[in-house]
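Listed below, chain by chain, are the residues.
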Amino acid sequence: MTGPLLELTGIDWSREGRRILNRVSLTVQRGEIVTLIGPNGAGKSTLVQIAVGLLKPDAGVCRRQPGLRIGYVPQALTLDPSLPLTVGGFMRLQARKLAAADVGQALAETGVGDLHDRSVHALSGGEWQRVLLARALLQQPDLLVLDEPMQGVDLTGQEELYRLLAEVPRRYRCGILMVSHDLHLVMASTDRVICLNGHVCCEGHPESVTSHPEYLRLFGWQGSQGLAVYSHHHDHRHDVHGCVTPSSAQAGS
Amino acid sequence: MTGPLLELTGIDWSREGRRILNRVSLTVQRGEIVTLIGPNGAGKSTLVQIAVGLLKPDAGVCRRQPGLRIGYVPQALTLDPSLPLTVGGFMRLQARKLAAADVGQALAETGVGDLHDRSVHALSGGEWQRVLLARALLQQPDLLVLDEPMQGVDLTGQEELYRLLAEVPRRYRCGILMVSHDLHLVMASTDRVICLNGHVCCEGHPESVTSHPEYLRLFGWQGSQGLAVYSHHHDHRHDVHGCVTPSSAQAGS
Amino acid sequence: MWEILWPAWAGGVLAALMAAPLGCLLVWRRLAFFGDSLAHATLLGAGLSLLFHIPVWGGILGVCLLLALLLAGLLDRSRLPSDALLSLLSATLLSAGLIAIRFNPGAPVDLQAWLFGDLLALTPSDLPLLAGGAVVILGTVFALWRPLVLSTLDERLAAVEGVPVLRLRVLLLLLLALAVSLAMKVAGSLLITALLVIPPLAVRPLARQPTAMALLAALAGVAAVSGGLAASFKWDTPVGPSIVLSATLLFLAGRLLPMKTNH
Amino acid sequence: MWEILWPAWAGGVLAALMAAPLGCLLVWRRLAFFGDSLAHATLLGAGLSLLFHIPVWGGILGVCLLLALLLAGLLDRSRLPSDALLSLLSATLLSAGLIAIRFNPGAPVDLQAWLFGDLLALTPSDLPLLAGGAVVILGTVFALWRPLVLSTLDERLAAVEGVPVLRLRVLLLLLLALAVSLAMKVAGSLLITALLVIPPLAVRPLARQPTAMALLAALAGVAAVSGGLAASFKWDTPVGPSIVLSATLLFLAGRLLPMKTNH
Amino acid sequence: NSVVTTIKPLTLIARAVTDGIEQPVQLLPDGLSPHDYSLRPSDRQRLKQAELVIWVGPAHERFLAGLIKNGPGTLNVTALPGLKRLPRRKAEDGSPLPGSLDTHVWLDPDNAILIARAIAEDRARRQPALADRYRANAEHFAQTLKTAWQPLQQRIAALPRHEYVAYHDAYQYLEKSLNLHLAGSLSSETESRPGARHLLAMKKRVHERGITCLVREPASGAGLLQQVAGPKDRIAVLDEGLRQADSFVGGLTLLGQAMEQCLGR
Ligand SMILES: Nc1ncnc2c1ncn2[C@@H]1O[C@H](COP(=O)(O)OP(=O)(O)OP(=O)(O)O)[C@@H](O)[C@H]1O
Ligand SMILES: Nc1ncnc2c1ncn2[C@@H]1O[C@H](COP(=O)(O)OP(=O)(O)OP(=O)(O)O)[C@@H](O)[C@H]1O
Ligand SMILES: [Mg+2]
Ligand SMILES: [Mg+2]
Ligand SMILES: [Zn+2]
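Protein chains in written order, with the working numbering: chain F, 1 to 253; chain Y, 1 to 253; chain E, 1 to 263; chain P, 1 to 263; chain H, 1 to 265.
Do not take every clue at face value.
Calculated cross-link-like contacts (lysine-lysine; reagent style DSBU-like; alpha-carbon spacing at most 30 Å) [to be verified]:
(1) H/Lys204 x E/Lys234
(2) H/Lys69 x P/Lys234
(3) H/Lys90 x E/Lys234
(4) H/Lys69 x E/Lys234
Honestly, the hints are just simulated from the structure, not real lab data.
Remember, predicted model here, so these are calculated numbers, not experimental data.
Let the hints inform the model, and build the full structure from the sequences given.
What follows is the structure, given as structure tokens:
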């Protein structure tokens with residue numbers, strides 16, 4: 001229980017003559033959320049795959065706590081359609097024996113409680129991503145490793161799911177290593193941010209800032225001078241699956 | 001040249017007893033960008049697949065202008081690793097004969113100009129998405145159909161690419177039908193927004209709003225009361241691939 | 001009459017039961033031609049057994065296990081398609097067998113016997129061996145069903161979650177080699193390949209879960225064996241091919257029934 | 001010596017050239033056992049030709065085309081794995097053939113197509129037919145290479161971009177059926193299958209482009225034919241198996257050379 | 001290396017004819033079917049250089065059909081004038097299949113002698129100096145075969161029962177020469193396997209007619225014959241390809257003796 005769950009030290013990884021990771025070090029403690037950010041091709045997914053043991057580093061040490069149970073959501077996962085599988089079946093496809101109630105609750109928490117009996121091959125992109133996340137949570141792992149877990153999830157869902165993730169380390173006494181591009185949503189729930197770009201270029205506790213001016217400064221980093229924003233005067237509310245509850249009958253905009 | 005590029009009227013589509021699309025109608029004109037938004041499982045990808053002819057509607061009419069050339073970026077595309085392919089080769093894998101300069105330019109425009117000779121199987125998620133977009137643009141189609149084209153693209157990239165997309169209809173005299181969850185970025189570049197949730201629940205021209213208060217109202221739609229924002233006091237700038245230009249040597253946060 | 005038919009039926013049923021869960025895993029992993037390749041490799045086994053003066057079945061079992069291990073290794077290393085690797089191994093082992101036989105002439109090797117082995121030749125005394133094999137194979141598959149399915153679904157995901165994917169892959173291929181060489185003797189490679197592949201394909205549209213697919217495949221396999229034997233008796237057609245065709249009819253029936261619900 | 005060797009070499013080279021681009025498409029589409037299945041189907045062709053009083057080669061060609069069309073249809077409809085569907089068709093057609101000759105016992109048919117036709121039995125007069133076939137096949141493949149590769153990459157993407165994927169799939173399978181039945185006569189079913197599958201696998205690690213892979217596969221195929229013939233002369237081993245083994249050696253060499261650069 | 005044969009029985013006959021002069025070379029290794037066969041360069045060379053290629057004919061060795069043209073230098077055994085040729089028979093009722101040919105012609109001693117003489121004549125024409133020795137060898141072969149065969153024929157004629165059942169119907173030349181009667185076969189030569197109904201019918205027939213002799217080839221049929229046989233019936237293994245034999249006469253008489261023992265007291 002003492003010591004970090006995961007400790008990467010001085011990781012190097014090269015392919016085809018290009019150094020993709022350059023002396024990257026990283027630790028994840030129990031109870032904390034560490035988020036990897038960085039531009040496309042920065043080596044985030046590579047680093048994550050080294051962390052979970054799918055790739056071997058060229059140099060450096062990857063130490064996982066002995067007996068560490070990992071829950072993993074890869075950046076992409078395609079299934080062969082010849083294998084029939086329902087969402088519920090997929091959730092149960094793991095070492096631990098599960099109560100039906102747990103499965104239902106995990107699905108409900110990621111907003112896909114009504115998909116239990118649907119085939120995994122017929123899910124929409126966002127639904128599948130939510131199911132993957134639910135399954136990883138259900139395993140009650142010591143370490144959750146999430147590679148862009150919110151890809152294709154709608155905005156409402158992203159916000160709900162980030163809020164859920166923020167509770168997870170305390171609830172299950174686990175650590176989370178996450179990759180994400182959703183800076184504005186990530187920062188609220190993250191304990192430590194590591195900005196990767198081949199090497200670790202900056203790392204630290206995000207300041208807790210709640211009001212919008214700070215948020216704009218983040219956008220300012222991306223040079224979003226010409227950014228125009230759409231105002232959606234919404235006249236109804238959606239829940240994730242389905243019913244629209246119009247407050248005024250006509251379509252507004 | 002007259003008439004809409006694409007006209008869907010009263011489209012119904014059901015599977016396993018559930019009605020997934022319910023009398024959806026939609027038109028895309030030359031020169032305009034139509035964006036489909038809506039929660040996960042709303043039927044956006046299904047509608048898009050009907051629009052490009054990959055699925056047959058149960059009822060309703062799908063009319064495409066005769067001889068319409070379509071450039072398509074599906075929501076997910078996995079390649080079999082037994083087929084060797086470089087990015088450049090993938091770009092050229094289309095009906096039209098292409099000049100090398102065009103290929104290079106299209107890649108540069110989506111920020112992946114240096115990937116021309118890399119294998120498509122070794123790309124990162126965001127790099128692959130940018131390549132897909134570049135290829136669709138390179139085809140100079142009459143109609144661009146993009147299903148969540150920015151999935152996994154970093155924030156800087158998203159903004160640049162949305163700005164690029166905004167120019168495309170005028171540049172190539174084409175129409176764009178796009179699915180996206182990035183409301184805040186989409187709205188700036190979109191001519192018409194269709195909010196789908198099984199049926200079309202609202203549709204209209206987005207108001208052009210440039211300043212942040214409007215943006216917050218959009219977030220308000222998602223009930224983002226507790227949303228905290230992280231301030232990233234950045235001490236350096238990144239370009240998409242690589243070099244960090246530090247303005248002060250130390251990692252800031 | 002019944003004294004000839006019942007051992008054949010019992011043997012066929014045992015083979016079908018053994019084949020059902022293994023066949024599902026085979027189809028999901030795109031190794032449908034594994035049985036076919038094993039049949040090709042038997043020639044080398046027969047040749048080697050002559051060279052080393054061991055019983056023929058020993059040589060054949062040895063080469064079958066060799067094929068399983070080679071395939072497990074190749075699948076791990078190269079990311080080449082499994083069917084192409086299987087085809088490569090199959091051609092290579094058969095060629096090696098043919099060359100071995102040329103340096104080693106004298107023994108009549110009947111490739112056709114392996115291809116068309118005969119269910120009707122089964123006697124009650126053959127059944128215990130088959131039944132024992134079925135119990136071992138089904139028991140192992142049952143005990144490891146979840147990790148087997150998970151690592152079939154995605155080997156990388158399974159590996160991260162602590163499933164010993166490489167060992168499972170080797171085990172699965174060894175079980176398959178055992179099942180096929182056991183069944184090949186009584187049923188012939190054509191029939192056992194068909195029993196492995198066709199029932200899972202036939203029931204795929206009806207199944208929503210892996211376990212359901214394996215159970216339905218077992219049912220379909222038993223139905224195909226029964227139907228084929230009946231047809232063979234009614235129209236006096238060869239037993240093996242009749243069973244294969246009755247399995248194919250089941251496949252076609254499964255295609256025609258549920259018209260719209262894919263997945 | 002040379003007058004024996006050169007027609008065999010020329011025939012082998014023609015088969016290898018014809019096989020290279022088709023073989024790449026085959027491997028990419030996971031249809032590696034197509035040649036094998038076709039060989040199984042020839043029995044039915046022979047049986048049917050007797051029934052309908054047409055020449056044997058007509059029946060065989062007919063069944064080969066039938067297999068191609070059935071496979072094209074099944075691949076379109078069901079989303080079942082291609083290798084499993086191939087295995088189903090192969091077992092079914094072989095069984096149908098076995099039953100057909102049961103009702104037709106006068107037929108002087110071979111139960112199994114030849115594994116190795118005989119390259120050494122080739123005479124210069126056989127070459128024009130082979131060469132003609134090679135020209136037709138290579139010409140068609142060359143003309144349609146890009147759409148063929150694109151629809152191999154992803155049929156849905158290709159379809160949206162206006163590529164007639166279904167027609168291309170049928171065409172590819174028909175070309176394959178033509179090439180295999182042409183080459184099967186001179187080279188045997190095992191050799192042509194090996195020439196289709198092994199060279200592409202061998203050169204995969206060296207290739208970065210589809211076209212390069214096809215060209216390298218052609219080179220590897222020619223090298224395998226030449227090496228196999230040379231080995232056959234040196235050690236007096238059977239020609240067909242020697243070519244297969246020399247192709248496998250190329251595959252192993254390709255595995256050992258580039259250790260780290262996957263993809 | 002001037003005489004090349006394809007399969008063992010022809011090699012044995014040719015060996016008798018060329019005894020003391022030359023050594024015939026056999027192309028197909030024992031035990032390999034023409035399907036699994038692939039020519040070696042030395043085979044090809046031998047075929048090319050051979051003064052005489054002796055083969056059963058295109059019905060049996062189709063792989064040679066394209067390679068050797070009928071004409072001087074080849075001896076197509078099944079095309080020899082005067083040879084006893086029998087059509088294949090249906091497995092169900094033993095009726096002949098029109099237009100077909102059972103290629104196991106060497107199992108008839110008269111045919112074997114005819115083949116030996118044809119080989120001798122062909123060799124004599126090419127090697128006039130040795131013509132007498134070839135002819136003498138052939139006559140000696142004919143004589144020893146007849147001497148070995150006649151007592152066998154008589155012994156078998158004296159047996160009470162002459163009915164046998166075969167797995168493959170491959171022994172009809174032997175059967176005719178020994179005056180036996182085939183009560184039925186499980187499958188004809190080109191069929192792979194019998195149907196269930198036929199198998200049961202055969203079992204019934206064996207039981208009803210009290211047949212005690214069942215015959216099969218070395219490689220196949222053991223299990224199915226066992227099903228048909230009664231507990232006390234004999235199953236004889238008769239290698240129609242004479243693969244273990246050292247001489248033709250020895251090999252053929254061995255087959256005859258095996259048949260005699262099988263038919264039993
Ligand atoms: N096997 C490989 N061979 C060669 N290059 C590779 C290989 N795997 C990854 N790369 C390259 O390494 C870089 C890092 O890839 P990685 O997938 O880790 O990026 P990432 O940070 O996850 O990006 P994204 O945000 O787009 O997901 C990319 O430029 C990619 O092209
Ligand atoms: N073949 C099918 N059979 C049954 N249900 C299906 C099928 N295809 C899609 N669905 C269901 O239809 C609904 C709409 O799917 P679709 O992929 O169009 O959603 P989407 O709007 O694109 O969602 P996302 O934002 O997550 O991509 C989903 O609930 C999905 O599960
Ligand atoms: Mg990544
Ligand atoms: Mg979608
Ligand atoms: Zn930074």
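Cross-check of the supplied hints:
Between the alpha carbons of H/Lys204 and E/Lys234 the distance comes to roughly 17 Å, so the proposed pair stays at or under 30 Å and holds. For the hint linking H/Lys69 to P/Lys234, the alpha-carbon distance of about 28 Å falls within 30 Å, and the restraint holds. Simply put, H/Lys90 and E/Lys234 have alpha-carbon atoms about 19 Å apart, close enough for the 30 Å limit, and the pair holds. Straight-line distance between C-alpha atoms of H/Lys69 and E/Lys234 comes to about 47 Å, which puts the hinted pair past the 30 Å bound.
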